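Here the protein sequences come in this chain order: A and B. Residues in the first sequence are numbered consecutively from 1, following full-length UniProt numbering. Residues in the second sequence are numbered consecutively from 1, following full-length UniProt numbering.
Hints are computed from structural coordinates only; laboratory data are not their basis. All values reported here derive from a predicted model rather than from experimental measurement. Using N, Cα and C, we set each Cβ at its ideal position, and we do this for glycine too. A portion of the hints provided could be inaccurate.
Stated by the list, open to error - One-sided excerpt, in silico: chain A residues whose CB lies under 8 Å from chain B:
1) GLN54
2) VAL68
3) PRO70
4) ARG73
5) LYS74
6) ALA77
7) PRO185
8) ASN186
9) ILE190
As the list claims (entries may be wrong) - Taking lysine to any residue and the SDA-like style, the derived pairs with C-alpha atoms no more than 20 Å apart in a straight line are:
10) A/LYS177 / A/LEU165
11) A/LYS65 / B/ASP19
12) B/LYS301 / B/TYR11
13) B/LYS22 / A/ARG194
14) B/LYS55 / A/GLY189
15) A/LYS196 / A/THR59
16) B/LYS22 / A/VAL31
17) A/LYS196 / B/GLN286
18) A/LYS16 / B/ASP266
19) A/LYS225 / B/GLN277
20) B/LYS22 / A/ASN186
21) B/LYS55 / A/MET191
22) A/LYS241 / A/LEU217
23) A/LYS91 / A/ASP27
24) B/LYS112 / B/ASP141
25) B/LYS273 / A/ASP223
26) B/LYS22 / A/LYS244
27) B/LYS273 / A/LYS244
28) B/LYS4 / A/THR15
29) A/LYS151 / A/LEU136
30) A/LYS221 / B/TYR11
31) B/LYS33 / A/ARG183
32) A/LYS244 / A/GLY222
33) B/LYS125 / B/MET198
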Amino acid sequence: MKILVGISKAPDTTTKIKFTNDNKEFDESGVQFIVNPYDEWYALVRGIEIKEAQGGSVTTITVGKEDVDPIIRKALAVGADDAVRIDSEPKDAFHVASQIANYAKENDYDMVLLGKETINYNGSQVGGMVAEIMDLPYISNASKMDLDGNKATIVRDIQGGKETLEVETPFVLSAAKGMAEQRIPNMRGIMAARSKKLEVVEPVDAEELTEVVSYALPPEKGDVKLVDPENVEELVELLHKEAKVI
Amino acid sequence: MADKFEAHDYYMMDEFFSDEQKLMRDSLRTWLKQEVSPIIEDYYERSEFPNQILKGLADHGCFGPYIPEEYGGPGLSQVTYGLLMQELERVDSGVRSTASVQSSLVMFPIWKYGSEEQKKKYLPKLATGEMIGCFGLTEPDHGSDPGSMITNFKEDGDHVILNGAKMWISNAPFADIAVVWAKNENDEIQGLVVERGMEGFETPEMKGKHSLRASATGELIFNDVKVPKENVFEGKKGLGGPLSCLNSARYGIAWGAIGAAMDCYDAALKYAKERTQFGKPIASFQLQQKKLAEMITEITKAQTLTFRLGQLRDEGRATPGQISMAKRNNVDMALKIGREARQILGGMGITNEYPIMRHMANLESVITYEGTHDIHLLITGMDITGINAFK
Chain A
1 MKILVGISKA
11 PDTTTKIKFT
21 NDNKEFDESG
31 VQFIVNPYDE
41 WYALVRGIEI
51 KEAQGGSVTT
61 ITVGKEDVDP
71 IIRKALAVGA
81 DDAVRIDSEP
91 KDAFHVASQI
101 ANYAKENDYD
111 MVLLGKETIN
121 YNGSQVGGMV
131 AEIMDLPYIS
141 NASKMDLDGN
151 KATIVRDIQG
161 GKETLEVETP
171 FVLSAAKGMA
181 EQRIPNMRGI
191 MAARSKKLEV
201 VEPVDAEELT
211 EVVSYALPPE
221 KGDVKLVDPE
231 NVEELVELLH
241 KEAKVI
Chain B
1 MADKFEAHDY
11 YMMDEFFSDE
21 QKLMRDSLRT
31 WLKQEVSPII
41 EDYYERSEFP
51 NQILKGLADH
61 GCFGPYIPEE
71 YGGPGLSQVT
81 YGLLMQELER
91 VDSGVRSTAS
101 VQSSLVMFPI
111 WKYGSEEQKK
121 KYLPKLATGE
131 MIGCFGLTEP
141 DHGSDPGSMI
151 TNFKEDGDHV
161 ILNGAKMWIS
171 NAPFADIAVV
181 WAKNENDEIQ
191 GLVVERGMEG
201 FETPEMKGKH
211 SLRASATGEL
221 IFNDVKVPKE
231 NVFEGKKGLG
241 GPLSCLNSAR
251 YGIAWGAIGA
261 AMDCYDAALK
271 YAKERTQFGK
281 PIASFQLQQK
291 KLAEMITEIT
301 KAQTLTFRLG
311 QLRDEGRATP
321 GQISMAKRNN
331 VDMALKIGRE
341 ARQILGGMGI
351 TNEYPIMRHM
361 ANLESVITYE
371 GTHDIHLLIT
381 GMDITGINAF
391 K
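Only chain A is shown next, with the shape it has when bound in the complex (with noise of 0.2 Å):
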């Protein structure tokens, strides 16, 4: 199997979260960034797994500048034998989309495999998109996938159950919990990261479709409002009147 998989850079978690340019940009001063979790340890550990059982190839590929190339090198030491980044700042879904896809067409893949979203825009759109501009089928959501020669089953959490259907290579999927484990990179790995190929590619030209207005932080949690067990009308009249939930 020749796999293609989605890797990009998201904040660590416990980034505090500030905007710059007039509430239009995220401010990058400061913050770690890591391998998008649902790219990394779903996405790019199935591949691994399926190439470790059937042989083949799993490349990373990320759209994106010179200061991604820590998050390459981590894929690359998780096990991916080679990474490709499209040398341009990442600007919208359809953007970034049209970057994967024109990749992927030229070197044709069996299966491209990305998250089910990143942690910070949540977009899920990339998936859909490559999908679409490839014409190829696409399975949002995958928490497993089994393959028996080029036909895959695949289960997809769907509202309260599950969804599960067949599909033949080349496909397009996004992968959710469940697809796999983490793996956390061992220092044979790392040292072994060193000398796998990172290849920059110019990238193609692709429209923006969308642009952001503004961000805005959630609303900061009020202070708790501890009511006495006792008194349930005081509590109805709270949910009633200041929470509005009832």
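Starting from the structure of chain A, add chain B where the hints point.
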């Protein structure tokens, strides 16, 4: 309780480390949080070393990180070695001790003073954790004065006959080999590798420790042990051999102690911000802020001192005096931070829900082993005055 430790880097020291060094450190931290933090209190209480973590320690490069690749190591820098030791001790000094002994006291002398055959025979297996080693220098009556040791060996054809006893030996109860320092027939100190199973060699465990409980400590007893001559280090004679090992280990301890201090500080800082008394978080009170501010100041000073020491060591320029200064300063700093952090947590500080009391108890060993707090001061004193005040 889940390990929610966050590292503290007030002076942005991370900018001095390469992406690869940070990846190695952070991967080890992730592994420790998942595999070791959840079990360490239990093993500590039961006074047992968690043997199941040996393979993971090896996989993350904790055994001989600076040993060259031709002997099975990853051939990394001294700064990287330090970063790994810092992560280990952040979790437990006993876990770091096991890695220090394996790296600095077993692999280091074999690499520096062993024959090519010894290096090929032992180092690759020690690097993978397939073989665990211990180091015998201290004796029941000879601690700070190892030169007066009585353990000795005499030649006997193709073998030497080893007699004597060593005490306070980390890893001894389960080690496969021991690097032992003993006097030859010319009264010179020389190292040799003793293997488990050699007749007359025993390693009884020492019980009753109130410190380093998650590390196995024992004695080494040699009763006419017949050791093949090829196990003797011919490359070094004199006290300089074991002292160079101690330098390497002390260097690792200097980094490790910062880890323990950071863990105590992190626990205290979080607790002070969450714990409310008199209607506000206790972090709002000046006396608590003083403690916390002094802690981060001391940690930051230790980080800068130790990083510079790492650079010097990578350049082969770090002197024993400089290493002593860092080991002494950092362990003392960590112990004081442990005590202050414990006070911030009040009664909760003495429970096993927080790591502070365990770190404090561990550090009472660390401040004594590998050169006591006082001896290190005498090393510095001798270095700056040129006068030996040991005797």
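Hint by hint, here is what the structure shows:
Taken as an interface hint, A/GLN54 does not check out: its beta carbon lies about 25 Å from the nearest beta carbon of chain B, beyond 8 Å. Because the smallest distance between the Cβ of A/VAL68 and any Cβ of chain B comes to about 11 Å, over 8 Å, the interface hint for this residue is violated. Look at A/PRO70: its Cβ gets to within about 4 Å of chain B, closer than 8 Å, so that hint holds up. Among the interface hints, the one on A/ARG73 holds; its C-beta lies about 6 Å from the nearest C-beta in chain B, closer than the 8 Å criterion.
The beta carbon of A/LYS74 is positioned within 8 Å of a beta carbon in chain B (closest approach about 6 Å), and the interface hint is therefore held. Residue-level restraint check for A/ALA77 holds (minimum Cβ-Cβ distance to chain B is 6 Å; threshold 8 Å). A cut of 8 Å between beta carbons decides the hint on A/PRO185: the least distance to chain B is about 5 Å, and the hint holds. Contact between A/ASN186 and chain B, as hinted, is supported at the beta carbon level, the nearest pair being about 4 Å apart and thus within 8 Å.
Evaluation of the A/ILE190 hint against chain B yields a held restraint, the C-beta minimum of about 6 Å falling below 8 Å. Restraint check for A/LYS177 and A/LEU165: the C-alpha separation of about 18 Å stays at or below 20 Å, so the hint holds. Taken as a hint, the A/LYS65 and B/ASP19 pair is honoured in the structure, with Cα atoms around 16 Å apart against an allowance of 20 Å. Between B/LYS301 and B/TYR11 the CA atoms are separated by roughly 9 Å; this keeps the pair inside 20 Å, and the hint holds.
A C-alpha spacing of about 14 Å is found between B/LYS22 and A/ARG194, which places the hinted pair at or below 20 Å, so the restraint holds. The hinted pair formed by B/LYS55 and A/GLY189 meets the criterion: a straight-line CA distance of about 15 Å does not exceed 20 Å. Between the alpha carbons of A/LYS196 and A/THR59 the distance comes to roughly 11 Å, so the proposed pair stays at or under 20 Å and holds. Proposed proximity of B/LYS22 and A/VAL31 is supported: the alpha carbons are some 15 Å apart, at most 20 Å.
A C-alpha spacing of about 53 Å is found between A/LYS196 and B/GLN286, which places the hinted pair above 20 Å, so the restraint is violated. Taken as a hint, the A/LYS16 and B/ASP266 pair is honoured in the structure, with Cα atoms around 17 Å apart against an allowance of 20 Å. With a C-alpha separation of about 18 Å, the suggested pair A/LYS225 and B/GLN277 falls inside the 20 Å cut-off, and the hint holds. At most 20 Å may separate the alpha-carbon atoms for a hinted pair to count; B/LYS22 and A/ASN186 meet this at roughly 13 Å.
Between B/LYS55 and A/MET191 the alpha-carbon distance is near 18 Å, which keeps this suggested pair within the 20 Å criterion. Taking the CA atoms of A/LYS241 and A/LEU217, the gap is about 25 Å. The hint is violated against a cut of 20 Å. Proposed proximity of A/LYS91 and A/ASP27 is supported: the alpha carbons are some 15 Å apart, at most 20 Å. A distance of roughly 28 Å separates the Cα atoms of B/LYS112 and B/ASP141; the hinted pair therefore is violated under the 20 Å criterion.
Of the supplied pair hints, the one linking B/LYS273 and A/ASP223 holds, its CA atoms being roughly 16 Å apart against a limit of 20 Å. A hinted pair counts as satisfied when its Cα atoms are at most 20 Å apart, and B/LYS22 with A/LYS244 does not qualify at roughly 48 Å. In summary, the hint linking B/LYS273 to A/LYS244 is not supported, as the alpha carbons are separated by about 31 Å, beyond the 20 Å threshold. Note on B/LYS4 and A/THR15: the hinted pairing holds, with a Cα-Cα distance of about 14 Å set against a maximum of 20 Å.
Straight-line distance between C-alpha atoms of A/LYS151 and A/LEU136 comes to about 14 Å, which keeps the hinted pair within the 20 Å bound. Between A/LYS221 and B/TYR11 the CA atoms are separated by roughly 32 Å; this puts the pair beyond 20 Å, and the hint is violated. With a C-alpha separation of about 14 Å, the suggested pair B/LYS33 and A/ARG183 falls inside the 20 Å cut-off, and the hint holds. A distance of roughly 15 Å separates the Cα atoms of A/LYS244 and A/GLY222; the hinted pair therefore holds under the 20 Å criterion.
Only pairs whose Cα atoms come within 20 Å are accepted, and B/LYS125 paired with B/MET198 is accepted, the gap being roughly 19 Å.
Violated hints, listed in ascending order, are 1, 2, 17, 22, 24, 26, 27 and 30; each of the other numbered hints is respected by the structure.
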